[in-house]
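Q: Heads up: the sequence lines are chains F and E, in that order.
The first sequence begins at 1 in our numbering and counts up one residue at a time.
The second sequence begins at 1001 in our numbering and counts up one residue at a time.
Quick caveat, the hints were computed from the structure, so don't treat them as lab data.
No residue lacks a Cβ here, since even glycine has one placed at the ideal position from N, Cα and C.
Taking lysine-lysine pairs in the DSSO-like style, the calculated list, with each CA pair at most 30 Å apart, reads:
#  : chain 1 : residue 1 : chain 2 : residue 2
1  : E       : K1660     : F       : K660
2  : E       : K1330     : F       : K660
3  : F       : K600      : E       : K1244
4  : E       : K1335     : F       : K330
5  : E       : K1330     : F       : K318
6  : F       : K44       : E       : K1592
7  : E       : K1660     : F       : K318
8  : F       : K592      : E       : K1044
9  : E       : K1600     : F       : K244
10 : E       : K1660     : F       : K330
Under 10 Å between C-beta atoms, here's a sample of chain F residues computed to sit facing chain E:
#  : residue
11 : D208
12 : G570
13 : T571
14 : G581
15 : F589
16 : S590
17 : L610
18 : A611
There are 2 protein chains.
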Amino acid sequence: MNDRPIRLALLLPAALLVATAPFIHCEEGMWTFDNPPLKLLKQKYNFVPTPEWLDHLRLSSVRLNDGGSGSFVSANGLLLTNHHVARGQLQKESTAEHDYLRDGFFAATPDQEMKSPDLEVDVLVGTKNVTERVQNAAKGIADDTQALKARDAAIAAIEKENKDKTGLRSDVISLYQGGEYWLYEYKEYTDVRLVFAPEQQAAFYGGDPDNFTYPRYDIDMALFRVYDNGKPLHTENFLKWSAKGADPGELVFISGNPGSTERDDTVSGLLVERDVVGPAVTEYLQHRLAAAQAFAAQGPEQARLVGSTIFGLQNSLKVFEGRAEALADKAILAKKQAEEADFRAKVAANPEWQKEYGDAWVTIAKVDEQIKPEIKGQLFRRTDSRLFSIALDIVQYVAEIKKPDGDRLPEYHEAGLQSLRFEMMSPAPIPPATEKLYMSSALKLAEDELGKDDAYVQAIVQGGDIDTVVNSIVDGTKLGDPAVRKALLDGGEAAVAASTDPMIEAARRVDPIARANYKRIHDTYVSVLTPAGEKLGKARFLVYGKDAYPDATFTLRLSYGTVIGYPYNGTIAPPFTTFYGLYDRAASFSNKPPFDLTAKEEAARDRLDLATPLNFVCTGDIIGGNSGSPVVNREGELVGLVFDGNIESMAGDFVYDGSKNRTVAVHSAGMIEALRKIYGAGALADELEGKN
Amino acid sequence: MNDRPIRLALLLPAALLVATAPFIHCEEGMWTFDNPPLKLLKQKYNFVPTPEWLDHLRLSSVRLNDGGSGSFVSANGLLLTNHHVARGQLQKESTAEHDYLRDGFFAATPDQEMKSPDLEVDVLVGTKNVTERVQNAAKGIADDTQALKARDAAIAAIEKENKDKTGLRSDVISLYQGGEYWLYEYKEYTDVRLVFAPEQQAAFYGGDPDNFTYPRYDIDMALFRVYDNGKPLHTENFLKWSAKGADPGELVFISGNPGSTERDDTVSGLLVERDVVGPAVTEYLQHRLAAAQAFAAQGPEQARLVGSTIFGLQNSLKVFEGRAEALADKAILAKKQAEEADFRAKVAANPEWQKEYGDAWVTIAKVDEQIKPEIKGQLFRRTDSRLFSIALDIVQYVAEIKKPDGDRLPEYHEAGLQSLRFEMMSPAPIPPATEKLYMSSALKLAEDELGKDDAYVQAIVQGGDIDTVVNSIVDGTKLGDPAVRKALLDGGEAAVAASTDPMIEAARRVDPIARANYKRIHDTYVSVLTPAGEKLGKARFLVYGKDAYPDATFTLRLSYGTVIGYPYNGTIAPPFTTFYGLYDRAASFSNKPPFDLTAKEEAARDRLDLATPLNFVCTGDIIGGNSGSPVVNREGELVGLVFDGNIESMAGDFVYDGSKNRTVAVHSAGMIEALRKIYGAGALADELEGKN
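Make a model of the complete structure from these sequences and hints.
A: Structure, rendered in structure tokens:
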């Protein structure tokens, strides 16, 4: 699985703003669609995608607000992504009676298609370079805080203008550490209905042990249908299905939204990650996982309620283990040091560059030292409660929207309000039992780490016992009902101020603390790191040109590579696996979890062509967020579905090693074979293959 | 595969004589049958094998002179071993018309059973501790060389007396670095007929890449029948076949002949291995492999002729890569240093021990320094020619047998003559083409490494061009005919001296050089290392007791362990694999070599129960030479057939890591399934299962 905890990185600004690695390895790179690696493709593969080819792929690709990627795969709005990207929606739609996560789902007819409570799907329909306007906004302002404010205001203005003009979601994003700023326009879809999902066990075969490994045997797919004005979306921007699928040795492309990488971090940033951030996050994840597992042990319904959470936590823990190993690897650190030394030497060799940009590393290293003692406070002050998060959003929303756009907290800029309201109004049920579990667990850890008197914790518990207070707040709140949320939003500041809902009361107490924290972090660190990062971004262009790709930002990128095995376990991993391998691994473990077959897989054994490719690997460069990305061939046909990286890819946050780093994908032939012969979904397979 | 190049170790005496590691890990150990780990078995498994249980297993186990192990598996002398142990015989019996190595072999009726040209099978029928007599022989002799001579004479006398008395092969072996000497009595069988062998590709599925790895899918088995007086051997000492086979989690035992380990080497010895021996051997193997591969490229018949040689060389290269990695591992070296420091400190803490044994490490370290410059000379002075080896044996044989037994070169002691003559008189054809290839290649490497004027090389080529001389010698010799050899042996020294056979002439010229070398090495180093090793052996008993096992010596040992997977590739390796996995790996590589199926495997696909276990792993401690060892359960039933170790076992020459080191075996149920459904050998399967 490849869901990196993107949001954690956002908590920790220093990790995001740093220098660019000068060495591009063959097949490395998550390229923006405005700057595809045409030269490399021409050289190595004698293939140059046309603008039309690139546009079609981009417009067929989607980003899901649940944190993954996907693609349109039929003229009638069928959307393909991973089961584990759909997992959040499946969990929200399941009940004790209908456990779609465990049992899967299949809508045999259109009217059975099941509307997702809060899934938003974004298509990147336009991009525009706005670097000059953003960078000029801060020009000549000596004070860092004021300069940052001016830059933020310019960004908000660009977004609002474009949103007003086009009606499209409009995000200004920073690339190359601020070396460039781009306006990304998205068409948003929010009527997204589930068509098919396999059983969790078939999708996530091998469970946590096999997660992030290969060879694999996972049917990690889900199909939604996107609706527009109540009808299936008719579109020409969809990927033609390749029945044959990915072939060993062939060139393939991946179009998706890698979440975040830290390949351009300075060495000082990597050391903060290694020594402070990584250990703290690991501790947090372990604490949450232990709490969720203890809860799951109470019974099958409890286990169902936290199933998705346990998956996510185990996934993140495996990621952080991999990151820790990569950062403990002396060879990796030495490579990073050598790259940085080369970059600095080249800047220093030019007096003008040195004067303009040469202090950036020192500035960043100084901030990195300053933020070390801040990390625990930033990480552990949290509730992990969905209802609390909604409450705080409501409290801040009513206040923020009264301010000029440029003065607001960033979540409340005009351009993003539509998506935010869609999320806040989600009708997905929020089970009180897990709210209590998560909130108590988070506050206890905060108390342990930051002390009983911590202002954040005390703002919530007010001297009381954590369990008692949390139970009372969760039992007392009415925010589980979207109508209550709507009434508060509509009522504005007065209604929120007058509310006696205990969750709103708690959020009101936390609000000033959260604001003060944001302001302090922003004024003290972000205001310094932003211009320092921009310096490195500009210097990189001067030193190395633009034959590079920016760090991942959960925006659309193009990767490419070859379908090919790699050295593993003293031998060679195959380019693809087959259904034979699924039945081998199950039998090899005496069909015991997490290596057991589902009843449907058992029953289909003799119907299947067991030699059909099931999963495969390619050298394309991906990271968490790419889950659900389509893999296409030179003809732009869909040959696979990205769902993971191998264990050797875990260092990919920091470096790319083309000899061993592999993307793991579901094979298009395997998906069709499964739909037809395991799930009896022949008509759906026909729609994918364009046979109806 | 697990055929370590045992003979190389014998070339390098210092590697064999050293101190004993004090820490016994659970399930570690290659125990002698006189000292089985009863306490450990009782503690961990609550199982104590009876003397009868142990005797039955010992008497059912065999050692093959081709360098592997095996076991009796029917009352009518059926002997089970690996295909790769039988490989030498299959190669010798194959011709351009009948390639049994490639195509396999099956004798449907007794008269089709094919007599092996020079396979000897030994059963260990008795053992006797002779430590006192051997050690006393050298007592009080101050001169090292004289002392060694007296010790060697005592050993030869013990062997001869016993051979004369019992008619059995009688070997005195040194265990615990000379801490003990034992007389091992073997019943020899030399009428050994091939009954069944699968195709090479089925036995060695995955080829060199998969060699020394797991998961595996190899039918690495062969069946011989041992004849006695022209009739199938009737015996009660055979292992009952377990149809169910090895079960995950169960306790199993391995009875076989591990070739050599260096776990008790001093640290100084390991460093010689790491810095000098390992690199030199690797160079030698690479040189030979390149020559053999170039020859194979000339055509299919050439490829057939060197097929077995290439296998052996690739296998050895993978071993030496693994050894080099283990010795480069700082953690392993640190462990070894800590163990030695503990041992030395405990000896030093007792003034009496210190006086008696304390100088041994210093003595050995001094010799290790002295032998470093000798290594290349010892390794590269060779011809790799079978005919030359026979010629030198003939030249030395006729001279040696006239001397008193104790004065002879060790190969010609009375007790070993029967086996030696069996080997020398082998009717197996010796193809001149490969003789030329191997001999030229070896002499050219010797010339490169030791110089054109090297006395050994010049004794053979006498100033001529290597290729020309070798071609002329090989074309001119008549030694390919066993009758010619016999005539020379019968004619004695006069006949050999008068011979104008060019290979005999070359051997006559080399003989004095080989003798002088033996004497110098023996007098200078072995005479010092032998008593030093004995000191360490004795000191180890005093310090750690006898709760330890001696280093491997290609004599019968008992290992035990659990059938269980292990952490691998970021996940878990299964305890066993199935036929499903074979078909998966083949399909995954598009059926390309070395991952292709044989025609018989293709044809049997639908007949097989694909979920049948094929290979499995257990924690038992093995090393090269154990190939072909039976794996038995508590009931003493055969549940598997050892054929390899996993990649993590490659450090096993020096250390045992029970968390990851695994023995790889063919499953008894898989063998039966293959015999019945792939090879149509139902009657043979019935005989194994005791059904006829």
